[in-house]
Amino acid sequence: MTSGTRGASWAEDAVAAHAGAEHLRSEEAVLERIERARRRRPRVREERITLAHGAGGKATATLIEAVFVDAFRNPELERLGDAAVVGVGDARLAFTTDSYVVSPLFFPGGNIGDLAVNGTVNDLAVAGARPQHLSAGFVLEEGFPLADLRRIVDTMAAAAAAAGVQIVTGDTKVVQRGKADGCFVTTAGVGLLDRTVVLDAGAARPGDAVIVSGPIGDHGVTVMLARGDLDVESDLVSDTAPLHTLCAAILDAGGRGVRVMRDATRGGVATILNEVARASGAAVVVDEAAVPVRPEVTGAAELLGIDPLYVACEGRLVAVVAEEVAEEVLAAVRAHPSGDGAAVIGRVADDPPGLVLLRTAFGGTRIVDLLVGDPLPRIC
Amino acid sequence: MRFVDEFRDPEAARHLARSIAELCEPGRRYAFMEVCGGHTHTIYKHGLEDHLPETVRLVHGPGCPVCVLPMGRVDDAIAIAEHDDVIMTAFGDMMRVPGGRGSFFDAKAAGADIRMVYSPLDALKIARNHPDKRVVFMAIGFETTAPSTAMTVLRAQAEGLENFAVFANHVTIIPAIKAILDSPDLRLDGFLGPGHVSTVIGCRPYAFIARDHGKPLVTSGFEPLDILQSVHWLMRQLAEGRCEVENQYTRVVPWDGNRRALEAIGRVMELRPWFEWRGLGFISHSAMQLREEFAAFDAERLYDVPGVRVADPKACQCGEVLKGVLEPWECKVFGTACTPETPIGTCMVSSEGACAAYYNFGRFSRSRVREATLLADPVVRR
Numbered sequence: 001m002t003s004g005t006r007g008a009s010w011a012e013d014a015v016a017a018h019a020g021a022e023h024l025r026s027e028e029a030v031l032e033r034i035e036r037a038r039r040r041r042p043r044v045r046e047e048r049i050t051l052a053h054g055a056g057g058k059a060t061a062t063l064i065e066a067v068f069v070d071a072f073r074n075p076e077l078e079r080l081g082d083a084a085v086v087g088v089g090d091a092r093l094a095f096t097t098d099s100y101v102v103s104p105l106f107f108p109g110g111n112i113g114d115l116a117v118n119g120t121v122n123d124l125a126v127a128g129a130r131p132q133h134l135s136a137g138f139v140l141e142e143g144f145p146l147a148d149l150r151r152i153v154d155t156m157a158a159a160a161a162a163a164g165v166q167i168v169t170g171d172t173k174v175v176q177r178g179k180a181d182g183c184f185v186t187t188a189g190v191g192l193l194d195r196t197v198v199l200d201a202g203a204a205r206p207g208d209a210v211i212v213s214g215p216i217g218d219h220g221v222t223v224m225l226a227r228g229d230l231d232v233e234s235d236l237v238s239d240t241a242p243l244h245t246l247c248a249a250i251l252d253a254g255g256r257g258v259r260v261m262r263d264a265t266r267g268g269v270a271t272i273l274n275e276v277a278r279a280s281g282a283a284v285v286v287d288e289a290a291v292p293v294r295p296e297v298t299g300a301a302e303l304l305g306i307d308p309l310y311v312a313c314e315g316r317l318v319a320v321v322a323e324e325v326a327e328e329v330l331a332a333v334r335a336h337p338s339g340d341g342a343a344v345i346g347r348v349a350d351d352p353p354g355l356v357l358l359r360t361a362f363g364g365t366r367i368v369d370l371l372v373g374d375p376l377p378r379i380c
Numbered sequence: 381m382r383f384v385d386e387f388r389d390p391e392a393a394r395h396l397a398r399s400i401a402e403l404c405e406p407g408r409r410y411a412f413m414e415v416c417g418g419h420t421h422t423i424y425k426h427g428l429e430d431h432l433p434e435t436v437r438l439v440h441g442p443g444c445p446v447c448v449l450p451m452g453r454v455d456d457a458i459a460i461a462e463h464d465d466v467i468m469t470a471f472g473d474m475m476r477v478p479g480g481r482g483s484f485f486d487a488k489a490a491g492a493d494i495r496m497v498y499s500p501l502d503a504l505k506i507a508r509n510h511p512d513k514r515v516v517f518m519a520i521g522f523e524t525t526a527p528s529t530a531m532t533v534l535r536a537q538a539e540g541l542e543n544f545a546v547f548a549n550h551v552t553i554i555p556a557i558k559a560i561l562d563s564p565d566l567r568l569d570g571f572l573g574p575g576h577v578s579t580v581i582g583c584r585p586y587a588f589i590a591r592d593h594g595k596p597l598v599t600s601g602f603e604p605l606d607i608l609q610s611v612h613w614l615m616r617q618l619a620e621g622r623c624e625v626e627n628q629y630t631r632v633v634p635w636d637g638n639r640r641a642l643e644a645i646g647r648v649m650e651l652r653p654w655f656e657w658r659g660l661g662f663i664s665h666s667a668m669q670l671r672e673e674f675a676a677f678d679a680e681r682l683y684d685v686p687g688v689r690v691a692d693p694k695a696c697q698c699g700e701v702l703k704g705v706l707e708p709w710e711c712k713v714f715g716t717a718c719t720p721e722t723p724i725g726t727c728m729v730s731s732e733g734a735c736a737a738y739y740n741f742g743r744f745s746r747s748r749v750r751e752a753t754l755l756a757d758p759v760v761r762r
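So the sequence lines, in the order shown, correspond to chains A and X.
Here the working numbering is used: the first residue of the first sequence is 1, the next is one more, and so on.
Here the working numbering is used: the first residue of the second sequence is 381, the next is one more, and so on.
Wrong hints could be hidden among the right ones.
Selected chain X positions facing chain A (Cβ under 10 Å, derived; list incomplete) [said to hold, decoys possible]:
no. : residue
1   : Lys425
2   : His426
3   : Glu429
4   : His431
5   : Met475
6   : Lys488
7   : Leu605
8   : Arg616
9   : Asp684
FYI, nobody ran anything at the bench for these hints, they're computed from the structure.
Note that beta-carbon positions come from the ideal geometry of N, C-alpha and C, so glycine has one too.
Full structure from sequences and hints, please.
Structure representation (structure tokens):
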């Protein structure tokens with residue numbers, strides 16, 4: 001066996017490449033050039049929607065910025081919060097909407113109905129609001145079993161009761177067989193903002209503590225395993241839960257020291273922290289050893305070659321709070337039934353701005369970047 | 381988690397790091413190539429370079445199977461997938477690899493039926509469930525994944541499953557290492573041998589690297605402590621004036637490899653006269669195709685594969701990066717025109733690719749980061 005025909009040209013290639021590299025000056029200069037490129041206004045290059053546009057990573061962010069925000073532009077939308085804050089008369093309302101397309105519809109620990117109610121309740125709660133009223137829209141596929149629909153709707157009724165909200169309006173559409181995947185649900189919700197706190201992803205300041213409310217990644221891994229592609233069995237269940245009382249407890253304990261609360265759904269904790277770092281112009285430094293992850297989640301993530309930091313949760317939140325109140329807030333979260341296993345996982349720092357850094361459990365450092373699309377399993 | 385945490389113990393890492401530092405000769409710089417993309421991923425994911433002295437550099441080699449796939453083969457695969465009766469199946473990190481006219485994800489969005497699988501056996505299952513379609517498995521990878529492709533073909537044959545086929549892109553590691561060794565600008569002091577490939581081929585095939593080329597090789601596992609220990613062993617060989625093939629990954633790699641896996645490959649596949657590698661050009665006897673006997677399962681024979689040849693984009697320096705001549709950040713388009721969301725070169729696609737690993741995990745100034753992590757002691761108290 002001999003190596004091929006291009007051997008001779010390698011030397012020339014290499015010399016040319018080295019000459020090119022010298023023009024680049026130093027690694028630092030290259031990194032600065034890259035950060036400038038990343039700050040440019042995003043463009044959607046694809047001609048069609050791909051699955052990556054729905055995965056919550058960079059492709060989703062680009063689509064939202066370049067298509068939706070561009071067309072609908074207004075200051076409230078541009079904040080890109082979990083919920084918009086609107087004034088009606090003297091009242092301040094939080095307003096949000098979300099669509100649910102999970103597959104399978106039923107999974108250990110819940111079903112699409114829990115997600116649809118809890119997801120919208122949580123988007124209102126992390127905005128600092130008291131969730132009040134929800135709407136529910138259903139897109140049903142011809143042939144979908146009525147018994148399944150009843151199960152989903154009963155679950156939604158129970159979840160609404162548990163969260164203290166009422167589903168006060170709704171809509172139903174049926175599409176032909178093959179035009180939808182069984183059942184899609186869209187909920188919208190309004191909540192009352194009667195506290196004076198200002199929560200904003202851009203409010204994080206150097207020195208602030210970053211808290212997660214419990215073990216991460218349970219929901220995403222449960223759903224991946226429920227799809228049956230892996231033939232792995234586990235006792236893991238989804239973490240879907242309403243977070244409105246937990247949010248209230250955090251605000252009671254931390255008051256104005258609470259800077260940001262976000263529920264770590266699609267894209268996981270890593271995506272939330274990136275949004276915080278970028279909006280605040282600060283660095284977020286995470287200590288990997290402090291991040292709570294169940295062994296089952298670690299195991300499945302190892303098998304798949306994915307990182308639990310990017311796996312979706314449906315009942316966990318990330319709170320960034322001022323150092324002075326960090327201990328009180330952590331104690332309040334841990335005392336709450338939904339906050340078992342909560343931990344301070346990191347700190348906000350001033351440099352390098354916009355980046356999330358991880359101090360690995362192994363003793364090294366690395367970046368935690370936004371993903372482009374879904375985390376893809378590695379081949380070997 | 382048991383069987384994981386033991387291999388990631390920071391105290392053991394610091395101990396190994398000290399041993400490595402003690403073996404450094406003053407004024408000498410060391411460069412070791414990790415051949416395998418899995419190693420590259422581990423190195424970046426755990427921030428392993430923070431444990432190495434500044435004079436010891438890890439150079440990322442050509443062992444990411446996605447990264448060495450030429451654009452033309454992606455276009456060929458998409459051409460097969462575009463047949464109405466075809467369901468194309470592929471591993472996850474194949475989905476975003478750009479061909480001359482887009483990736484599998486793009487082809488899927490345009491209407492082709494392309495599905496992600498975890499194993500070729502999943503593709504077989506799809507074939508059983510869709511007798512009216514032909515299910516084609518996009519087979520990629522080194523000797524690591526070739527046995528599972530071979531076994532799947534044998535099973536399809538045993539079951540008489542006529543609607544299953546393989547588009548074979550399996551490559552072999554030794555010719556790639558030879559190509560690296562023949563490179564006139566080689567400035568390496570040794571190799572970290574590919575762990576997974578070696579579970580199949582064993583350690584014997586690497587003998588020529590030490591014997592003929594005077595470079596030590598240590599076959600290494602994939603946990604961060606495995607890699608640090610392997611670097612330590614390489615340093616020890618250099619310090620003691622030895623030049624050998626050593627096996628650090630004995631818990632998985634038998635010295636003679638896996639005979640049954642090799643037999644399965646040999647039964648189903650044969651070497652191609654030549655194959656094009658992304659960035660490395662044509663390398664003779666470096667890839668495998670299905671034997672004539674299995675023609676009924678060979679998508680290349682069943683479909684009129686265009687055999688597209690797409691020249692790598694001019695700006696792309698994947699070849700230099702794969703050979704370890706350039707650091708990822710030294711490439712002209714790194715991080716600006718070529719990013720994980722819009723990759724020009726394949727090194728930017730797979731998380732095992734040197735460029736993607738550097739962009740996603742290592743794209744910062746180490747001095748600034750050290751300062752930041754020291755200033756902001758992350759955890760108040762557990």
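So which of those numbered hints doesn't the model satisfy?
Per hint list: 8 and 9 violated.
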